[in-house]
Amino acid sequence: MSDRSHRVRRIGVLALLCAVLGACASTTVVLLPENDGRPTAVTVKQGDQEVVLDHPYAAAKAAPGGPRAYVSSAQDVATQFGAALAAQPARAATFTLYFIEGHDEFTDESRREVDRVLTEIAKRPVPDVLVVGHTDAVGTDAFNDALGQQRAEAVRAALIRLGVPADDIHAISRGKRAPAVPTADGVAEPLNRRVVIIVR
Amino acid sequence: MHPSLIRGRHWLGVALLLALTAAAQAAEIGQVKVARGHVVVERQGKTQPATVGARLQAADIVRTGTDGAVGITMDDDSLLSAGPNSELVLDRYAFDATTNQGRFDTTLNKGTLSVISGRIAKQAPGAMTVRTPNAILGARGTEFVVSAHE
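In order, the protein sequence lines correspond to chains Y and C.
Position in the first sequence (first residue = 1) + 19 = this note's numbering.
Position in the second sequence (first residue = 1) + 1125 = this note's numbering.
No lab work stands behind these hints, which were simulated from the structure alone.
Using N, Cα and C, we set each Cβ at its ideal position, and we do this for glycine too.
A hint or two may mislead.
Taking lysine-lysine and the DSSO-like style, the derived pairs with C-alpha atoms no more than 30 Å apart in a straight line are [to be verified]: (1) Y:K64 x C:K1247; (2) C:K1235 x Y:K64; (3) C:K1247 x C:K1235; (4) C:K1235 x C:K1171; (5) Y:K142 x C:K1247.
Quick list of the computed label-pair ranges, beta carbon to beta carbon [said to hold, decoys possible]: (6) C:E1153 x Y:G85: 36 to 46 Å; (7) Y:G205 x C:V1177: 44 to 54 Å; (8) C:P1250 x Y:G182: 38 to 48 Å; (9) C:Q1182 x Y:P83: 48 to 58 Å; (10) C:E1275 x Y:P52: 49 to 59 Å; (11) C:G1162 x Y:D95: 15 to 25 Å; (12) Y:T113 x C:Q1182: 22 to 32 Å; (13) Y:P201 x C:P1250: 12 to 22 Å; (14) C:A1249 x Y:D204: 15 to 25 Å; (15) C:G1190 x Y:A203: 49 to 59 Å.
Short, incomplete list of chain Y residues facing chain C, as computed with Cβ under 10 Å [what the hints assert, rightly or not]: (16) V61; (17) Q65; (18) D73; (19) P83; (20) S91; (21) Q99; (22) A103; (23) A111; (24) A203; (25) D204.
Make a model of the complete structure from these sequences and hints.
Here you go:
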C-alpha cells in the first residue's frame, strides 16, 4: 500500500475518532478588559481541571491533554474575534428619574432626563425599554415590591403618552433590594425612591 | 410569626416565582439586535431567518453562515454576539427581574462568541455558563470571547 493511502486512512481514522469522542475539539477563551474597570473573571473547566482567568487578556486553550493558560492580546482578539465583537449590540443605556415628594410629577431635572431617554430610544433600531421601580427601605418587601411596580407603571404610562410603543416597554419592580444609597432597613431616603429606565 | 418562618416562605415564593417566570416568559428571553449576512434561528425543528428585532426563546438554536454575524440582547442585559460559521444554543434561561436571580446556560457548538454577562451573573457568580464541545466556562461578571472548533 502506498504512503499516500496510509496517510489518507490515518486521517480518516482520526476524523472518525474526533467525531465520535469529540476528542479533537478545541476551545479558546480570552478574558477582555472590563469597560468600567470592575474586577472580572471567567473559569474554564475541562473534565476535572479548571483554569481561572482573572486579568485582561488572560487566555486558555482547552484541547486534548487539558487546559493550557496563556496570555493573548488586543491584536490577537481582533484577528480571531473581530466579526463577533463587531456584531455586539449597543450596551444598555441607563437613566434615573426622581419624583417630587408626594406627587406623581417628575422634578425639573428628571423632566430633562426624559428627553434624553427619548433621544436614546430614537437612536436604536429595535429599542426595548425596561422601567424599573425602586423604593427606600421603609416597609416590607411585599409592600415595596408593589410600590416600586406602581412607580414603574406610572413612568411606563408617561413614556407611552410621549409616543413610545407600549409593546416596547416593560415595567418591573426591584422594591428595596437595590438602593442607590445603602441604608439600614426601615430608613427613609429620597434618593432611593426612584425609577431607573434601561434602554436596550 | 417567627422571622425564620417568614424567610422560609419568602424563599419558597422566590422559587415559585422563578418557576412561573420561566414558564410564562418562555416566549421572550432576548432579542436579535444585530444580524449580518446569513443568520437563522431553529425552534422546535423549524428554521427561520433571524431578522433584527426577532424575539428569542429558550432552546432556540442560532446559526450563522460563512458571511454571517448576530448580536443578541438578553432580558438580563447579557449581550451575546457570534461571528461567522457559528452555532449557539440557548439551552436554559430563567430570570426573575425583581430579585435578579436566575440561570443562563448556553452552548457554543462551533464558531466564535463574545459575551458580556448581565444581571444573572452579577447576582450569582456561576449562574451563567457557556459550554463548548470540550469545556465549560463560568462567567463571573465578565466580558470574554470564546471560540470552539469541533
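List of violated hint numbers, smallest to largest:
The structure breaks hints 9, 10, 24, 25; every other hint is satisfied.
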